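Note that the protein sequences, when read in sequence, are chains A and B. Position 151 of the first sequence, counting from 1, maps to 151 under this note's numbering, and the rest follow consecutively. Going from the second sequence to this note's numbering is simple: count from 1 and add 1000.
Keep in mind that the hints are not guaranteed to be accurate.
Distance condition first, Cα-Cα at most 30 Å in a straight line; then the derived DSS-like pairs of lysine-lysine [to be verified]:
| no. | chain 1 | residue 1 | chain 2 | residue 2 |
| --- | --- | --- | --- | --- |
| 1 | B | K1387 | B | K1333 |
| 2 | B | K1350 | B | K1364 |
| 3 | B | K1011 | B | K1310 |
| 4 | B | K1140 | B | K1029 |
| 5 | B | K1150 | B | K1333 |
| 6 | B | K1140 | B | K1179 |
| 7 | B | K1319 | B | K1140 |
| 8 | A | K91 | B | K1174 |
| 9 | B | K1174 | B | K1310 |
| 10 | A | K177 | B | K1310 |
| 11 | A | K246 | B | K1102 |
| 12 | B | K1319 | B | K1333 |
| 13 | A | K177 | A | K91 |
| 14 | B | K1333 | B | K1310 |
| 15 | B | K1150 | A | K177 |
| 16 | B | K1011 | B | K1102 |
| 17 | B | K1150 | B | K1122 |
| 18 | B | K1310 | B | K1122 |
| 19 | B | K1011 | B | K1066 |
| 20 | B | K1066 | B | K1122 |
| 21 | A | K177 | B | K1179 |
| 22 | B | K1150 | A | K91 |
| 23 | B | K1379 | B | K1364 |
| 24 | B | K1011 | B | K1150 |
| 25 | B | K1066 | B | K1029 |
| 26 | A | K91 | B | K1179 |
| 27 | B | K1364 | B | K1387 |
| 28 | A | K177 | B | K1319 |
| 29 | A | K177 | B | K1174 |
| 30 | B | K1102 | A | K177 |
| 31 | B | K1259 | A | K177 |
| 32 | B | K1174 | A | K246 |
| 33 | B | K1140 | B | K1150 |
| 34 | B | K1029 | B | K1122 |
| 35 | B | K1259 | A | K246 |
| 36 | B | K1102 | B | K1319 |
| 37 | B | K1174 | B | K1227 |
| 38 | B | K1364 | B | K1174 |
If you're looking for bench data, these hints aren't it; they were derived computationally from the structure. Small disclaimer: the values here were computed from a predicted structure and weren't measured.
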Amino acid sequence: MLYELATYAYWIAFCGLLMASAVYVLEITRRKPTTFPVGRILLIVSWVALTASIGLASVYHEGTLLSGSNALVLLAWAIVLAYCVFGIFMKLPRYGAIFVPMATLLLFIAQIVAPGRGNFAPYPEHITAQMDSAMIGYHVLLITFGNAFLLIGSLTALLYIYQSRALRSKTPPQFLKSLPSLANIERLWIRVLSIGLPIYFAGQILGVTRAIAVDAQSWFIDVRIVLSGAILITFSLALFLYYRAKTDNTMTAYITFAGAVMIIVLMVLARTLPTGFHIFGVFN
Amino acid sequence: MQLVLIGLSHKTAPVEVRESLALTVDDQKAILDRCINDDRLNEAVIVSTCNRSEFYFVTRLDCDPKQLFSDVVLDYLVHSRTDIADYLYLQQGEAAVEHLFKVAASLDSMVVGEAQILGQLKDAYDLAFEQGATARVLNKLFRLSFETGKRVRSETNIGSSAVSISYAAVELAKRVFDKLEGRRVLLLGAGEMSELTALHLQANGASEVVVANRTLARAEELAEKFKGRAVEFDQRYETLRSTDIVVSATAATEYVITKEELSSVVSRRRDPLFFFDIAVPRDIDPHCADFRNVYVYDVDALDGIVESNKAERMVEAAKAEVIIQEEITNFEKWLELMEVEPTIAALREKAEGLRQAELARAYKRLGNLSSSERDTVDKLTRSIINKMLHDPTMKLREASGGRRGVAAIETARYLYGLEEEQDAQKGFRLIRSLLGKRPSSASE
Chain A
1 MLYELATYAY WIAFCGLLMA SAVYVLEITR RKPTTFPVGR ILLIVSWVAL
51 TASIGLASVY HEGTLLSGSN ALVLLAWAIV LAYCVFGIFM KLPRYGAIFV
101 PMATLLLFIA QIVAPGRGNF APYPEHITAQ MDSAMIGYHV LLITFGNAFL
151 LIGSLTALLY IYQSRALRSK TPPQFLKSLP SLANIERLWI RVLSIGLPIY
201 FAGQILGVTR AIAVDAQSWF IDVRIVLSGA ILITFSLALF LYYRAKTDNT
251 MTAYITFAGA VMIIVLMVLA RTLPTGFHIF GVFN
Chain B
1001 MQLVLIGLSH KTAPVEVRES LALTVDDQKA ILDRCINDDR LNEAVIVSTC
1051 NRSEFYFVTR LDCDPKQLFS DVVLDYLVHS RTDIADYLYL QQGEAAVEHL
1101 FKVAASLDSM VVGEAQILGQ LKDAYDLAFE QGATARVLNK LFRLSFETGK
1151 RVRSETNIGS SAVSISYAAV ELAKRVFDKL EGRRVLLLGA GEMSELTALH
1201 LQANGASEVV VANRTLARAE ELAEKFKGRA VEFDQRYETL RSTDIVVSAT
1251 AATEYVITKE ELSSVVSRRR DPLFFFDIAV PRDIDPHCAD FRNVYVYDVD
1301 ALDGIVESNK AERMVEAAKA EVIIQEEITN FEKWLELMEV EPTIAALREK
1351 AEGLRQAELA RAYKRLGNLS SSERDTVDKL TRSIINKMLH DPTMKLREAS
1401 GGRRGVAAIE TARYLYGLEE EQDAQKGFRL IRSLLGKRPS SASE
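Construct the entire structure; sequences and hints are all you get.
Spelled out as structure tokens, the structure:
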């Protein structure tokens, strides 16, 4: 029963996000927001349904398995939450047409790569022992939110590059009018990075602390941990260039985007490379 | 009654003709007074702007609109009638309604989608209303026209894009800086075009205007207008360090901003630098745009944006037409509703008259009836009449505002013989007379 409810809630969330995406895209093509905030309501309903789905699935499985599929669902959940929360504090005109379809796509991919019911392979015993700590739960949560923020920031940086190029064109496309201004994009991009990076770093610290505590063998040369260090350095460099070196924004945007590529590579590696210390979610 | 529009606009008359019919508020008041005192006229509104002078009248059905206009308006003005007559247009009924709605929606404006016309229409209506020159038809018509104008602005993008070079510059600057509050503007050259652009930038929030001109006195004069400051032309690169937007319109034959000189300014700069080069020959070396945070727009680029925006407005105008048709339908529905109740009242009045006459005759024939017998007969006849008229009354109310509303009303009048006797006094046949519409076929 719980499993069925979780599945229904998941599909309600997916359909809600799909409809919200359509509304946001329609708004951007019409260049006028709807008078009634249909998109926002659909988004909130979808997020609540997705939260319920994750919660019910966790109860059913007696914990959340860190499979590739679940990681994507959590990431989509965090992206929607981050977008809604950020929307309270700053004007986010028309970004819904980018972030909501992105979350929907993640849910769709999650379904494609998801294993069937009961096909979850158990973790090896030594891994289960290493993970038996609240610290790991917080580590996963912080890394998930960190990833969500950094991906939102990177997507916004990509939008900055596009907008900056389009504005240079002799005949800027009409579509440009639908996009937020360069200054607004810059504000969102930098703020999201400035919040996401410390969250990501805190997640890393917790993971490393746990690895040291359980005396995990050669954790520091694990490919994924090295890559996550590179991600931290890349995004830190982007923020340094922005705040300190005052390099032009396009260069900083490219560096931010490079960081996003590394996050995606890491997410794929973490689920497909069954070696080293960090092997969660490989077994399905 | 008939609805008449007589007027001229930028589409029919050159400026020298339009200015001869441009009316001051006092002129308008005087003409409205003449309208009120003229028996042929029921209502009047005068719309007088720099691009149009239009007179909306609700007149008696037998009134010749041209003669009326001549008597009320042209006689008041000292101009020769023939001078203006060739440029005047006359529209009646539904065409006049459609024209007014198009004017309110800014589809008939020189710059399609401009916003001022709606305010000008409101002013014109307010004046006529205060003068007591309007009544139910023009009150409703003008209020619906304001509604049409608002709907067109809110439901389409007709007014959202700039259609002048100076506004296009502001629009582009906003796409980069979001808001212009706190942005600093440097004017290179003190020409009229750069002044106009700077004026728009400042009106949108730009905080400081600095003018650099080869003649410092002229720079100071212009800077004074914007409460800004003037600098020597040689100091332009230095000034660029603290500038966000540059508007350049000098008469120089060579570039006044070169890529080489600009490199030192932008090398340690993060914020975008925006150049509007509206000079011909160009003032800004186009290679300046090679710097990632520098945006350069020459007059051709701005003109291209304006043209594309104009084309977009025409697309939006097609959407506005749909809204206008909907509002015309709303006006027709209102007219129909105005006719239903008088028709029903007349129908009942006629039936009651017949009943009373027949009762009187019957009482005479029946001789002495007791009071209770008289009451019974009275109630019986009243009940028959009520029951007979119940269905037509309900059907008429249901039909009003629908596709067959006009036909139903007119058929009822014809069948019950209400046509001739009531029309003149009670304002029947509003739709047919005001909008010049034929009733739709009853078989529809």
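The hints, checked one at a time:
no.	hint	verdict
1	B:K1387 <-> B:K1333	holds, 27 Å
2	B:K1350 <-> B:K1364	holds, 22 Å
3	B:K1011 <-> B:K1310	holds, 18 Å
4	B:K1140 <-> B:K1029	holds, 21 Å
5	B:K1150 <-> B:K1333	holds, 20 Å
6	B:K1140 <-> B:K1179	violated, 40 Å
7	B:K1319 <-> B:K1140	holds, 23 Å
8	A:K91 <-> B:K1174	holds, 15 Å
9	B:K1174 <-> B:K1310	holds, 19 Å
10	A:K177 <-> B:K1310	holds, 14 Å
11	A:K246 <-> B:K1102	violated, 52 Å
12	B:K1319 <-> B:K1333	holds, 22 Å
13	A:K177 <-> A:K91	holds, 17 Å
14	B:K1333 <-> B:K1310	violated, 34 Å
15	B:K1150 <-> A:K177	holds, 22 Å
16	B:K1011 <-> B:K1102	holds, 14 Å
17	B:K1150 <-> B:K1122	holds, 12 Å
18	B:K1310 <-> B:K1122	holds, 26 Å
19	B:K1011 <-> B:K1066	holds, 20 Å
20	B:K1066 <-> B:K1122	holds, 26 Å
21	A:K177 <-> B:K1179	holds, 15 Å
22	B:K1150 <-> A:K91	holds, 26 Å
23	B:K1379 <-> B:K1364	holds, 18 Å
24	B:K1011 <-> B:K1150	holds, 23 Å
25	B:K1066 <-> B:K1029	holds, 20 Å
26	A:K91 <-> B:K1179	holds, 13 Å
27	B:K1364 <-> B:K1387	holds, 26 Å
28	A:K177 <-> B:K1319	holds, 19 Å
29	A:K177 <-> B:K1174	holds, 10 Å
30	B:K1102 <-> A:K177	holds, 26 Å
31	B:K1259 <-> A:K177	holds, 29 Å
32	B:K1174 <-> A:K246	holds, 22 Å
33	B:K1140 <-> B:K1150	holds, 15 Å
34	B:K1029 <-> B:K1122	holds, 15 Å
35	B:K1259 <-> A:K246	holds, 20 Å
36	B:K1102 <-> B:K1319	holds, 12 Å
37	B:K1174 <-> B:K1227	holds, 22 Å
38	B:K1364 <-> B:K1174	violated, 89 Å
In this structure, the earlier hints numbered 6, 11, 14, 38 are contradicted, and the remaining ones agree with it.
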